[in-house]
Structure formats: structure tokens, C-alpha cells
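Enquirer: Sequence order for the protein chains is A and B. Under the numbering used here, the residues of the first sequence are numbered 507 to 734, in order. Under the numbering used here, the residues of the second sequence are numbered 2 to 256, in order.
Since the hints were made in silico from the structure, they are not lab data. The model shown is predicted, which means the values in this text are computed figures rather than measured ones. Cβ coordinates follow ideal geometry from the N, Cα and C atoms, glycine included. Certain hints may be false.
Simulated coverage check for chain A against chain B, where a stretch passes if three residues somewhere in it have a Cβ under 8 Å from a Cβ of chain B [stated by the list, open to error]:
no.	segment
1	524–533
2	599–611
Label pairs and their computed distance ranges (CB to CB) [unchecked claim]:
no.	chain 1	residue 1	chain 2	residue 2	range
3	B	P54	A	R639	19 to 25 Å
4	B	D218	A	G555	48 to 54 Å
5	A	F550	B	P183	51 to 57 Å
6	A	L576	B	R81	55 to 61 Å
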Amino acid sequence: MVGIFGDLNTQYVISTAIVSLYVSTAAVGLSTLASLPIALAIGFSDFRGKNAVTTVINTGMGFPSVVVGLVVLLFLSNAGPFGSLGLLFTPKAMIISQFVLATPVIMSVSLSAVEGVDQRIRDAAFAAGGTSRDVGLVVVKEARYGIVTAILAGYGRAISEVGSVLVVGGNIAFADGTAFTRTLTTAVTLEARQGRYEVGIALGAVLLVLVLGVNAIGSWARRRGGGT
Amino acid sequence: MILAAENVAYSYDGEGVIEGVSLEVDPGEVLAIVGPSGTGKTTLLRVLALFDPPEEGTVLADGEDVWARSEERRLPIRRRIGMVFQDRSLFSTSAARNAAYGLFVRRSWDERLRSSLAAFLGRDGSPDGAYDALETVGLAEKADQHAGSLSAGEAQRVAFARALATEPDILLLDEFTSNLDPRNTAVLETAIDRARDRGIGVAMATHDMQQARRIADRTAVLLDGTCIECGRTERVFENPRDERARKFIAGELVY
Ligand SMILES: Nc1ncnc2c1ncn2[C@@H]1O[C@H](COP(=O)(O)OP(=O)(O)OP(=O)(O)O)[C@@H](O)[C@H]1O
Ligand SMILES: [Mg+2]
């Protein structure tokens with residue numbers, strides 16, 4: 507099939523982009539659901555070892571993605587504790603490893619956003635008859651710029667990493683060229699290694715456009731979310 | 002509702018701030034709390050607003066110990082109390098949505114979701130009560146303005162509207178006219194007069210002795226975290242029993 511990318515297989519490009527989008531969106535979505543409540547809980551409370559916890563989260567932002575991939579591989583391999591689930595070399599395995607990669611980023615950036623919300627705002631919500639859940643929601647809304655930034659940063663980390671998806675996904679494509687666990691990043695790696703630089707550059711351009719699109723949606727959401 | 006503090010003590014990080022304070026906010030009455038800066042007026046109002054339990058003593062709502070209740074059962078009592086803070090305390094959204102917040106949290110999750118969605122799509126879903134309250138403080142035309150761009154005095158009036166909109170039984174005011182010009186001070190004082198006529202009990206911390214004389218039925222003088230004088234406003238101002246209270250009112254107290 508010859509399409510818009512010259513002699514590049516359009517189906518190949520589109521299916522690869524879809525795998526990338528699907529895996530990263532699922533990973534970042536799940537990670538946001540898990541990270542936000544934890545960031546709120548940490549941000550609201552004062553406990554011994556809070557600094558240590560924050561340091562660990564911040565360190566997690568710099569975890570090398572291949573190492574994360576390796577650890578997830580050990581867990582999911584036949585000999586590992588979750589081997590019986592048969593997740594290795596499937597998109598689900600990639601979602602898990604990107605979840606692990608994105609979570610420290612989303613948690614750390616949203617934690618600092620939550621902690622930046624003035625205590626007086628929380629007091630005002632409480633005094634107006636808010637429950638602790640209402641107060642939490644107000645804080646999320648006040649910190650919305652920071653939280654959107656956190657999600658975008660997590661998304662950027664997830665969709666652009668190669669290491670872990672390569673290790674746990676295996677860069678598999680079907681015989682007809684449709685991607686199964688092949689993402690834009692792993693595809694670029696493969697094309698470059700095989701000397702097909704134009705194809706690699708085309709795939710890289712698609713990746714850039716996707717990241718740009720996600721950020722555009724993010725800044726739109728930032729402009730719109732004005733309610734309390 | 003009658004809100005009362007009985008022998009309450011409160012401290013921050015072991016540093017005692019108020020001690021042995023007893024006072025009562027009665028329906029249809031305005032109580033002024035005066036005293037030097039740092040004496041614990043805000044702290045006392047926060048105890049009355051049920052932020053934290055007092056370390057000693059009790060807070061009573063219609064004679065019942067509020068802190069003996071579970072958090073869930075304390076909520077209905079909290080929701081009959083409105084508070085206006087000393088500093089800027091508005092949410093970063095429009096004046097109308099700020100004024101509506103107390104009404105918003107009292108609605109069902111279903112209604113709240115719909116109103117949030119309307120706001121996200123650029124339509125305003127603020128309930129009427131919020132506009133009435135803004136009208137009362139003379140800010141109806143600023144309803145759509147973002148709180149961040151309001152002047153200090155306007156922000157203070159929106160915060161007042163936010164407390165008023167829920168029609169509380171008790172109104173706790175912390176220096177609620179500190180940023181206002183005489184005209185707007187008069188507007189809010191009139192609003193307090195009307196609230197009193199509707200049977201609302203008001204407790205207000207103020208640095209303005211003339212204001213206490215103008216609108217308070219009773220006045221409590223707080224010094225170093227204890228109530229050294231409490232009684233009918235005229236009596237406290239004209240014939241204070243405590244020598245330090247007399248000096249404070251006369252502006253002679255050195256501290
Ligand atoms: N969160 C806090 N942590 C520690 N100390 C506090 C805190 N809030 C208040 N204090 C201290 O408690 C004392 C009483 O403060 P409070 O705000 O109740 O005084 P106030 O009478 O309202 O003063 P002002 O008239 O200046 O508003 C002050 O000495 C203050 O420094
Ligand atoms: Mg104060």
C-alpha cells in the first residue's frame with residue numbers, strides 16, 4: 507500500500523501511531539488516577555518522613571526507562587510472580603511499564619502544585635461548609651495549571667521513551683505490517699538500525715505532531731477550566 | 002442556634018494563645034471581639050467556626066458539645082455557621098462562583114456535576130442566592146469578574162457575600178471591613194443590621210472601636226488570650242470594670 511508517506515506503508519505508520527497513543531494514554535490516565543489522590547494526601551498531611559517520601563518520588567522521575575522495563579520484565583516473565591497472566595510482549599505490559607515511568611513525574615509535579623495552594627483557600631472551602639472531599643476538589647481546581655502540566659510532563663515521558671517498551675513489548679509487528687507492540691519510538695529505532703533513515707524521520711515527525719497535539723489539548727483545557 | 006465557647010484554650014505548637022475564654026453568640030445579636038493585635042481574636046473565631054477542637058473546654062451548639070459528635074454529624078452544624086476571613090481567601094474563579102460556593106457544596110453531586118460542566122463550557126450555572134448576596138454587598142455588576150482582578154475591598158465584599166449566601170444562623174467576621182471605604186463599610190454594616198433582624202447571631206473581631214460601638218450589642222475585650230471584659234457595649238465602653246480594658250479602649254494600653 508502506497509500512501510501519503512510516499513513509498514511508506516500508510517497502514518504501518520497509522521497502526522504504529524495508534525499503539526503509541528493507546529499505550530501512553532492508558533498509562534498516563536491510570537497513573538493520573540493513582541497519583542492525584544496520593545499527591546493530595548501527601549500534600550495535606552504532615553508526617554515524619556515526608557521529606558524522605560518526596561525525595562524518593564523526585565528521584566523516580568529520573569529512573570532509566572530500560573531499568574524499569576527490566577524490572578517489569580522480571581515480574582511478568584514466565585518465572586516471575588505475574589508470569590501466569592501472560593502479559594509479556596503485549597500492549598498491557600507496555601502500559602504497566604509506562605505507568606511506572608510516568609507516575610513519579612505526575613506525582614511529583616502535581617504534589618508541588620498542590621502544596622502551592624494557599625492554606626487560606628482550604629480554610630475558606632472548609633468554612634463555607636465543604637467536607638474534606640470538597641476541600642480536596644477545591645485544591646485540585648486551584649492547582650489545575652500545575653496538574654495539567656504534570657499530566658503533560660508524564661505524557662511526554664511516556665510517549666517518547668524507547669527503553670522499557672522495547673524490553674517488555676518486544677517491538678512486534680504482524681506480517682502485513684500492522685503494529686502489535688511496535689510504537690513510534692521503537693519503530694524509529696528499528697528503521698534507523700536498518701539504515702532506512704527517511705522512514706525513521708517520517709515516523710519521528712509523526713511522533714512530534716502527536717506530542718504537539720497532546721500539548722495543544724492540554725493548553726486548551728488549561729484555558730477552559732475556570733470553574734470551582 | 003446559640004453558639005458558645007466554654008472555658009476554651011487553644012495553642013499553636015505548644016504555644017498557648019487563648020485560655021479560659023467563655024462567650025456566647027446569641028440569635029439576633031451582634032458581639033464584637035476587640036483587643037490588641039496578636040491577642041487571639043482570629044484564633045477564637047476559628048475555634049467557633051469548628052476548624053479544630055479546643056484543647057480545653059467545649060464548644061456548644063444549642064447546649065450540645067459539638068466535638069462529641071462524629072465528623073459527619075458535625076457537618077450540619079458547621080453549615081449553619083458562615084465565616085469571613087481577615088485575609089484574601091477567594092478561589093481563582095469568578096466573583097459569582099465564589100459567592101455561590103457555599104450553596105454549591107450543599108447541592109447533590111448530580112447538580113454539582115452539571116453546574117461544573119456548564120462552567121467548563123463557558124456558561125454560568127451559579128444559583129440565584131449568589132447573585133442576591135452580591136447585590137447586597139453592591140457588587141452585582143462584578144459578578145463575572147475574576148476574583149484575582151478584584152480590588153482588596155471588592156474581594157472582601159465577595160467573601161462576605163459567600164458567607165451570606167448560605168443564610169447561616171451564625172456569622173463570624175474577622176476584620177471584615179479592614180479594606181473598605183466608609184461608604185462600603187456602611188453597606189456591610191447595614192447588611193449586618195438586616196441579618197440581625199432576621200435572627201442571625203454575629204460575632205466580629207474588629208480593630209475599629211467606633212464600629213464596635215455602632216453595631217455591637219455586646220463587646221468582649223480579649224487581652225493575652227483571655228476575656229478581661231465582656232458585657233453590653235455601652236457598659237464596656239463607658240464603664241469598664243477592668244483597668245486594662247479601660248486603657249485599651251482609651252488607646253493608652255502599652256503592650
Ligand atoms: N498558624 C499559626 N501557627 C503558629 N502561631 C500562630 C498561628 N496563627 C496565629 N498564631 C499566633 O497566635 C497568636 C494569636 O494570633 P491571632 O491571629 O489569633 O491574633 P489576632 O488577635 O487575630 O491578631 P490581629 O488583630 O493582628 O488579627 C499570635 O501571637 C500569632 O503569632
Ligand atoms: Mg486576626
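Enquirer: Please go over all the hints and tell whether each is borne out by the structure.
Expert: Hints, verified against the model:
1. 524–533: This one is violated; 0 residues, fewer than the three required, reach chain B with a Cβ under 8 Å.
2. 599–611: violated (count 0)
3. P54(B) <-> R639(A): 19 to 25 Å: holds, 21 Å
4. D218(B) <-> G555(A): 48 to 54 Å: holds, 51 Å
5. F550(A) <-> P183(B): 51 to 57 Å: Cβ of F550(A) to Cβ of P183(B): about 41 Å, so the range 51 to 57 Å is violated.
6. L576(A) <-> R81(B): 55 to 61 Å: With a Cβ separation near 59 Å, L576(A) and R81(B) satisfy 55 to 61 Å, so the hint holds.
The structure shown violates the earlier hints numbered 1, 2 and 5.
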